[in-house]
Amino acid sequence: DTGVSQNPRHKITKRGQNVTFRCDPISEHNRLYWYRQTLGQGPEFLTYFQNEAQLEKSRLLSDRFSAERPKGSFSTLEIQRTEQGDSAMYLCASSWGSGDQQETQYFGPGTRLLVL
Amino acid sequence: GDSVTQMEGPVTLSEEAFLTINCTYTATGYPSLFWYVQYPGEGLQLLLKATKADDKGSNKGFEATYRKETTSFHLEKGSVQVSDSAVYFCALVSGAGSYQLTFGKGTKLSVIP
Numbered sequence: 001d002t003g004v005s006q007n008p009r010h011k012i013t014k015r016g017q018n019v020t021f022r023c024d025p026i027s028e029h030n031r032l033y034w035y036r037q038t039l040g041q042g043p044e045f046l047t048y049f050q051n052e053a054q055l056e057k058s059r060l061l062s063d064r065f066s067a068e069r070p071k072g073s074f075s076t077l078e079i080q081r082t083e084q085g086d087s088a089m090y091l092c093a094s095s096w097g098s099g100d101q102q103e104t105q106y107f108g109p110g111t112r113l114l115v116l
Numbered sequence: 117g118d119s120v121t122q123m124e125g126p127v128t129l130s131e132e133a134f135l136t137i138n139c140t141y142t143a144t145g146y147p148s149l150f151w152y153v154q155y156p157g158e159g160l161q162l163l164l165k166a167t168k169a170d171d172k173g174s175n176k177g178f179e180a181t182y183r184k185e186t187t188s189f190h191l192e193k194g195s196v197q198v199s200d201s202a203v204y205f206c207a208l209v210s211g212a213g214s215y216q217l218t219f220g221k222g223t224k225l226s227v228i229p
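Same order as they appear, the protein sequences are chains A and B. In terms of the numbering used here, the first sequence is residues 1 to 116. In terms of the numbering used here, the second sequence is residues 117 to 229.
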């Protein structure tokens, strides 16, 4: 399977703990995106990387959130001092694009986070 | 800012019925438009897309036409099957240096035999 993979698939944590999620994009894709989806809503954009550079961040991405994509391959999303409002499905997507080309984003299965 | 509005669900149809899910958008520039589908227990999958006005996207019997004059991208299928039961999301990418997808809230479709 050469699709986007995410780990872990589920995470339960206590309020105040830190959590880290990993995304492995489709291997030849240079762009990687993180989204958050809460129950009954569509996904909301969090941040975007082109290769290793983080080029766009949503105002939803508070200071407690940090994302990295070292070497332009896999990416991690860390949430520090989790709050109950962080409970959601965290989705990763990847795509291949150059210039202003609006290419298709392919999504992973998501990591479901529950903060108790 | 960019936004997508799609019809509220849930929608329940009998097998072989005609499906329409309405989607309208607000965007700067010339967006590309998408329909994604989320089957129970699975991730988001691209269903179809259209990148410019009057383009028609189609896949698996589903169709949607990019209507710039009405800022709409309604999803249609002539004869639904039980296997089409899923949540459908309309989305756009506005372009002009922004690559983020902006999604609607989703419409849950249930098809009964």
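Just so you know, these hints were derived from the structure itself, not from any lab. Every residue gets a Cβ at the ideal spot worked out from N, C-alpha and C, and that includes glycine. Incorrect hints may have been included.
[As the list claims (entries may be wrong)] Per the computed footprint, the stretches of chain B lying under chain A, defined by three or more beta-carbons under 8 Å from a beta-carbon of chain A, are: (1) 133-141; (2) 188-201.
[As the list claims (entries may be wrong)] In silico DSSO-like pairs for lysine-lysine, Cα to Cα no more than 30 Å straight-line: (3) B/Lys193 <-> A/Lys57; (4) A/Lys57 <-> B/Lys184; (5) A/Lys11 <-> B/Lys224; (6) B/Lys193 <-> B/Lys221; (7) B/Lys176 <-> A/Lys57; (8) B/Lys172 <-> A/Lys11; (9) A/Lys14 <-> A/Lys57; (10) B/Lys172 <-> B/Lys193; (11) B/Lys221 <-> B/Lys176; (12) B/Lys168 <-> B/Lys184; (13) B/Lys221 <-> B/Lys172; (14) B/Lys172 <-> A/Lys14; (15) A/Lys71 <-> A/Lys57.
[To be verified] Label-pair distances were calculated between CB atoms; the ranges are: (16) A/Trp96 <-> B/Lys168: 11 to 21 Å; (17) B/Asn138 <-> A/Arg112: 46 to 56 Å; (18) A/Thr38 <-> B/Tyr155: 33 to 43 Å.
Subject >> Unmet hints by their number, sorted upward, for this structure >> reply: Violated hints: 1, 2, 3, 7, 8, 14, 17 and 18; rest satisfied.
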